[in-house]
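*Asks:* Take a look at the letters that make up each chain.
Protein chains: 2
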Amino acid sequence: MQFPANLFIVSSPSGAGKSSLIAALIKQYSAVHPMTVSVSHTTRAMRPGEVNGVHYHFVSNEEFEQMIKRDAFFEWARVFDHYYGTSRENIFKFLEKGTDVFLDIDWQGARQIRKLFPEARSVFILPPSLEELERRLRNRAQDSDEVIRGRMKKAVSEMVHYSEYDYVIVNDVFENSLEKLHSIVLAEQQKLSCQEIISSETLKKLLDESAA
Amino acid sequence: MQFPANLFIVSSPSGAGKSSLIAALIKQYSAVHPMTVSVSHTTRAMRPGEVNGVHYHFVSNEEFEQMIKRDAFFEWARVFDHYYGTSRENIFKFLEKGTDVFLDIDWQGARQIRKLFPEARSVFILPPSLEELERRLRNRAQDSDEVIRGRMKKAVSEMVHYSEYDYVIVNDVFENSLEKLHSIVLAEQQKLSCQEIISSETLKKLLDESAA
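From first to last, the protein sequence lines are chains A and B. FYI, the numbering for the first sequence is 174 to 385, going by my numbering. FYI, the numbering for the second sequence is 174 to 385, going by my numbering.
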């Protein structure tokens with residue numbers, strides 16, 4: 174399936190800077206180049222501070238089950254009493270109108286999406302070093318040493334999957350990493366398969382006239 | 174063969190703006206990101222205004238034949254009494270030290286290079302329309318209508334090969350096209366295969382420690 178926009182899977186261990194990078198990218202560039210983050214659907218109750226359509230799309234059990242029936246999800250799961258899912262419908266709606274979509278998921282989710290939508294491009298964000306990752310995790314929250322150790326261990330077990338991704342960014346200097354992520358987004362739009370849709374009118378005209 | 178830099182094949186019909194784009198890219202960005210244009214070797218005499226190492230590497234028959242013997246060329250040809258060739262040795266020397274190389278060749282040359290070096294990435298530059306291409310060709314030189322017609326015909330026969338390339342840029346607004354070309358160069362450097370060389374130390378450290 175080809176669209177005039179791309180789906181980007183972005184993964185990283187917590188603390189590598191993925192969320193800040195995606196947020197900065199969208200803030201700085203989405204006026205010129207339409208981009209958005211995919212928001213999951215859930216049936217669990219909204220918590221204080223959460224906003225419908227921002228943190229999740231909060232829907233009823235009936236709505237969710239209807240979406241399952243019409244095959245609206247890339248993937249969904251029932252965790253305890255609640256449903257969670259990534260809506261293919263929503264993502265395709267954005268891609269169709271030329272909006273790039275970012276999917277902030279881990280390497281397991283990335284594997285699933287790649288299988289279901291091989292056109293997705295994937296980017297892995299790495300910290301410049303384990304020391305720096307630990308420093309960022311410690312600065313972010315006043316967690317105990319044990320919690321930090323647990324997070325570091327989890328981060329490290331995630332990082333070994335970097336080699337399953339199309340692109341790798343070592344997030345050392347934030348502004349440089351932002352430029353790299355932006356360049357990936359722009360470059361993917363210049364790929365032949367994408368240009369054959371985005372510039373189809375121009376190409377048709379150039380080649381029609383050339384046949385004449 | 175993997176290098177910490179990339180070889181970019183850039184093709185376009187004459188008048189689409191390829192040479193200006195490559196020149197501007199190198200002028201604006203090569204201080205930060207090392208880039209160069211591949212210069213061919215020839216045995217023909219230097220003409221007035223030509224500079225050795227800029228327009229061609231001017232070498233003797235003996236030197237050229239020695240290069241043939243040691244398999245130094247991607248491709249070479251003898252046209253009338255003179256040799257012309259694209260030095261693989263030179264290109265690899267740049268790639269090894271992390272300098273991206275641009276190869277300004279037509280679709281036939283591009284096909285040859287892709288066969289010999291599949292890691293090469295290729296970009297096709299298209300004009301926004303045939304009217305605009307004709308306008309640019311007329312502005313560039315005071316050629317007769319017949320010469321212009323011939324150039325347009327040739328341009329059109331070249332453009333049908335755009336679909337053999339990895340990337341396509343429709344060169345409408347020069348500054349936008351320059352940004353697109355730059356983004357392709359930056360993005361290719363973030364590709365997994367390239368990062369595994371450029372960031373090998375960082376990756377090794379992150380993963381060695383993670384194994385501990």
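Since the hints were derived computationally from the structure, they do not count as laboratory data. Please read these numbers as outputs of a predicted model, since none were measured by experiment. Honestly, I wouldn't trust all of these hints.
Put simply, identical chains are the same to the list, so a pair is met inside one copy or across any two.
What the hints assert, rightly or not - Listed next, the in silico DSSO-like pairs over lysine-lysine satisfying Cα-Cα at most 30 Å (straight line): (1) K364 <-> K242; (2) K326 <-> K378; (3) K364 <-> K378; (4) K242 <-> K200; (5) K200 <-> K377; (6) K327 <-> K364; (7) K266 <-> K327; (8) K242 <-> K326; (9) K200 <-> K378; (10) K327 <-> K270; (11) K327 <-> K242; (12) K377 <-> K242; (13) K266 <-> K364.
*Asks:* With reference to the structure, classify each hint as holding or not holding.
*Replies:* Quick rundown of the hints versus the structure:
1. Proximity of K364 to K242 under the C-alpha cut-off of 30 Å is found in neither arrangement, the shortest distances being 35 Å within a copy and 38 Å between copies.
2. Within a single copy, K326 and K378 get their C-alpha atoms only as close as 56 Å, which misses the 30 Å cut-off; across copies the closest is 15 Å, which meets it.
3. With identical chains, the CA atoms of K364 and K378 are at most 30 Å apart within one copy only, with a shortest distance of 19 Å there and 33 Å across copies.
4. Taking the shortest Cα distances, K242 and K200 never come within 30 Å of each other, neither inside one copy (35 Å) nor across copies (57 Å).
5. Neither within a single protomer nor between protomers do K200 and K377 lie at most 30 Å apart by alpha-carbon distance, with minima of 34 Å and 33 Å respectively.
6. Proximity of K327 and K364 under a CA criterion of 30 Å is satisfied inter-copy only: 25 Å between copies versus 35 Å inside one chain copy.
7. Proximity of K266 to K327 under the C-alpha cut-off of 30 Å is found in neither arrangement, the shortest distances being 34 Å within a copy and 41 Å between copies.
8. In the homo-oligomer, the alpha carbons of K242 and K326 never lie at most 30 Å apart, since the shortest distance is 39 Å inside one protomer and 55 Å across protomers.
9. Proximity of K200 and K378 under a CA criterion of 30 Å is satisfied in neither setting, with 35 Å inside one chain copy and 33 Å between copies.
10. Taking the shortest Cα distances, K327 and K270 never come within 30 Å of each other, neither inside one copy (37 Å) nor across copies (36 Å).
11. Proximity of K327 and K242 under a CA criterion of 30 Å is satisfied in neither setting, with 35 Å inside one chain copy and 55 Å between copies.
12. In this homomeric assembly, K377 and K242 never come within 30 Å of each other (Cα to Cα): the closest approach is 39 Å inside a single copy and 46 Å across copies.
13. For the identical chains of this complex, K266 and K364 are neighbours both inside a copy (21 Å) and across copies (28 Å), given an alpha-carbon limit of 30 Å.
The structure fails to meet hints 1, 4, 5, 7, 8, 9, 10, 11, 12 from the earlier list, while all remaining hints are met.
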